[in-house]
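> Residue numbers (the numbering used here): 9 to 512.
Just so you know, the hints here were simulated from the structure itself, not pulled from any lab data.
Just so you know, these numbers come straight off a predicted model, no measurement behind them.
Treat the hints loosely; a few may be bogus.
Claimed, not checked - List time: in silico SDA-like cross-link candidates among lysine to any residue, alpha-carbon distance up to 25 Å: (1) K354 to D396; (2) K404 to F382; (3) K126 to R183; (4) K431 to V457; (5) K436 to K404; (6) K251 to R183; (7) K209 to R183; (8) K404 to D295; (9) K299 to L250; (10) K209 to S284; (11) K436 to L412; (12) K414 to P294; (13) K511 to S467; (14) K404 to R363; (15) K436 to K447; (16) K506 to K299; (17) K414 to I296; (18) K299 to H252; (19) K274 to E418; (20) K136 to N373; (21) K21 to T41; (22) K447 to E418.
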Amino acid sequence: MDPNDYTIFSFIKRNARTYGNRIALISGNERITHSQFLEKVNQLSCGLMGAGVEQGDRIGILSQNSIEYAYLCGAAAKIGAIILPINWRLDSGEIEYIISDGTPKIVFVSSEFQDRIKPLISKFDLIKKTYALGQAEGFFEAFNNLMVGEGISPEGNIRSDDDYLIIYTAAVEGRPRGAVLSHQNVIASNLQSIYYWTLTKEDVHLLILPFYHIAGLGMVLSVMQVGGSSIIIPKFDADLVLKHIQEDKVTVFGEFPPILKTLVEKAEGGNYDLSSVRHVVGLDDPDIIKKFQEMSGGTFWSAYGQSETTGIFSFAPYFERPGSAGLPSFMAEVEIVDEYDHLVEKGQSGEIVIRGPMVFKGYWNLEKDNAYIFRNGWHHTGDMGSFDPDGYLWYKGRSPTKELIKTGGENVYPAEVETAILKHPAIKEAVVFGVPDSKWGETIKAVCVLKQGERLTESELIEFVAGRVARYKKPNHVVFTSSLPKNENSLIDRQKVKADYEKI
Numbered sequence: 009m010d011p012n013d014y015t016i017f018s019f020i021k022r023n024a025r026t027y028g029n030r031i032a033l034i035s036g037n038e039r040i041t042h043s044q045f046l047e048k049v050n051q052l053s054c055g056l057m058g059a060g061v062e063q064g065d066r067i068g069i070l071s072q073n074s075i076e077y078a079y080l081c082g083a084a085a086k087i088g089a090i091i092l093p094i095n096w097r098l099d100s101g102e103i104e105y106i107i108s109d110g111t112p113k114i115v116f117v118s119s120e121f122q123d124r125i126k127p128l129i130s131k132f133d134l135i136k137k138t139y140a141l142g143q144a145e146g147f148f149e150a151f152n153n154l155m156v157g158e159g160i161s162p163e164g165n166i167r168s169d170d171d172y173l174i175i176y177t178a179a180v181e182g183r184p185r186g187a188v189l190s191h192q193n194v195i196a197s198n199l200q201s202i203y204y205w206t207l208t209k210e211d212v213h214l215l216i217l218p219f220y221h222i223a224g225l226g227m228v229l230s231v232m233q234v235g236g237s238s239i240i241i242p243k244f245d246a247d248l249v250l251k252h253i254q255e256d257k258v259t260v261f262g263e264f265p266p267i268l269k270t271l272v273e274k275a276e277g278g279n280y281d282l283s284s285v286r287h288v289v290g291l292d293d294p295d296i297i298k299k300f301q302e303m304s305g306g307t308f309w310s311a312y313g314q315s316e317t318t319g320i321f322s323f324a325p326y327f328e329r330p331g332s333a334g335l336p337s338f339m340a341e342v343e344i345v346d347e348y349d350h351l352v353e354k355g356q357s358g359e360i361v362i363r364g365p366m367v368f369k370g371y372w373n374l375e376k377d378n379a380y381i382f383r384n385g386w387h388h389t390g391d392m393g394s395f396d397p398d399g400y401l402w403y404k405g406r407s408p409t410k411e412l413i414k415t416g417g418e419n420v421y422p423a424e425v426e427t428a429i430l431k432h433p434a435i436k437e438a439v440v441f442g443v444p445d446s447k448w449g450e451t452i453k454a455v456c457v458l459k460q461g462e463r464l465t466e467s468e469l470i471e472f473v474a475g476r477v478a479r480y481k482k483p484n485h486v487v488f489t490s491s492l493p494k495n496e497n498s499l500i501d502r503q504k505v506k507a508d509y510e511k512i
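Model the full assembly from the supplied sequences, consistent with the hints where possible.
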């Protein structure tokens, strides 16, 4: 390491020395101090090296949230391995693609996903070992086999700009893309969160979002960087969340619909003290946000970001400018450009572009994509937006060529769902788009044209698609029509389809 290098393991070591007896992680009945966390990380890094993991190797993780997941993130940071989180909501074909593209040397799988992953892992010679997070049976080795010895392993020669994490984004043109994030990217993103939410060693974060999402892992690392603590729960459970808020005095958490709505409804029916909550960040309905702020006294933050920007780079308390995506961070340079990549006037819409230390290194194994997305010295987000006179950023949706549906915190590209629909032998044409939904924020709608003489019901098509993509990507609404509007180039006019059928 050079004198100016600072990595994730750097603050793990610092915390053990400075905040050694303070709690770093809570999971069930376990309470792990910062000193104990360093010991676990040292042990595990020693075990990983003994299993053949070297600097630059990928570590695949298919698991719900767990304390072992956090240990793996720390150990990878020490030895220079790269964390490859796998979204457990994906279907087998999508998981297989991520494994084949990301080429992990070692894979960790929690017990509930072991039957799904076994047939896939056996296809890949590149995977040298598989370990269970939780109950280990036959095919999988026990995680604790790696937690042996004195745990004193040499620290890798890790640089700030070395790869740390690959987050696979929603599929574009049928394939997910792995966004490569460095130690520097993560730390820069952490510093923004620390600044805007005034995080300190006193903060208690509740991990509701999954580790495989940059917002989940990012919040854990942000709070850890200042010596605070995180409570890890496997997945969202409203009763458990409210219990932790009350008993452990949770101060900050992230959410996606319908999490906050569920918490508000539960809390209204019970005697819960939510006054410890200082900050919540996410997406939600204004009425729900208002109710939660009244109940807790905390602040709900509007935000905008991507996996490619290591999470959020635009922040503001929601009611400071309702509906906006906040103000660009003090660490981000953000502009709006037209279709020719020229800067537009304030108030005009165009593509959001950004540069700053939180911008990812590029997509894994996709040099041509990287050259295009980083053209002219900017990261082109594919998102449309505008600035108002006061400098607040307003998100206008995906660009027409990169339209995106955000349902329950997950990203779905219409093109992926359309590809699955068009595999049905009765379908001639299809357009997929998002429509507002009170529970999920957005839900998926498909407008389809049948081939002449064919018959198909809405439920039949939905089940057909659900068998080919992750179930959260299946359409919830299907409309059959005799034809779809075309533009002057004889292509389907997607915007007109959406305008005509959004409310039908």
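> Evaluate each hint against the coordinates.
Hints versus structure:
With a C-alpha separation of about 6 Å, the suggested pairing of K354 with D396 holds against the 25 Å cut-off. For the proposed pair K404 and F382, the alpha carbon gap of about 21 Å is at most 25 Å, so the pair holds. Only pairs whose Cα atoms come within 25 Å are accepted, and K126 paired with R183 is accepted, the gap being roughly 22 Å. The straight-line distance between the Cα atoms of K431 and V457 is roughly 13 Å, inside the 25 Å bound, and the hint therefore holds.
Between the alpha carbons of K436 and K404 the distance comes to roughly 30 Å, so the proposed pair goes past 25 Å and is violated. With a CA separation close to 40 Å, the supplied pair K251 and R183 exceeds the 25 Å bound. Note on K209 and R183: the hinted pairing is violated, with a Cα-Cα distance of about 41 Å set against a maximum of 25 Å. Among the hinted pairs, K404 with D295 is consistent with the structure: their alpha-carbon atoms are about 21 Å apart, no more than 25 Å.
This hinted pair checks out: K299 and L250 have alpha carbons roughly 15 Å apart, not beyond 25 Å. Between K209 and S284 the CA atoms are separated by roughly 15 Å; this keeps the pair inside 25 Å, and the hint holds. At most 25 Å may separate the alpha-carbon atoms for a hinted pair to count; K436 and L412 meet this at roughly 23 Å. Only pairs whose Cα atoms come within 25 Å are accepted, and K414 paired with P294 is accepted, the gap being roughly 17 Å.
For a cut-off of 25 Å, the pair hint linking K511 to S467 stands: about 19 Å separates their Cα positions. A distance of roughly 20 Å separates the Cα atoms of K404 and R363; the hinted pair therefore holds under the 25 Å criterion. Distance check on the hinted pair: K436 and K447 sit about 31 Å apart at the alpha-carbon level, beyond 25 Å; violated. The straight-line distance between the Cα atoms of K506 and K299 is roughly 32 Å, outside the 25 Å bound, and the hint therefore fails.
For the suggested pair K414 and I296, the alpha carbons sit about 18 Å apart, so the restraint of at most 25 Å is met. Between K299 and H252, the direct Cα distance comes to roughly 20 Å. Compliance with the 25 Å bound is thereby established for this hinted pair. Under the criterion of a C-alpha separation no larger than 25 Å, the hint pairing K274 with E418 is consistent with the structure, at around 24 Å. Straight-line distance between C-alpha atoms of K136 and N373 comes to about 21 Å, which keeps the hinted pair within the 25 Å bound.
Our distance criterion of 25 Å between C-alpha atoms is met by K21 and T41, whose separation comes to about 12 Å. Of the supplied pair hints, the one linking K447 and E418 holds, its CA atoms being roughly 13 Å apart against a limit of 25 Å.
This entry does not satisfy hints 5, 6, 7, 15, 16, going by the numbered hints stated previously.
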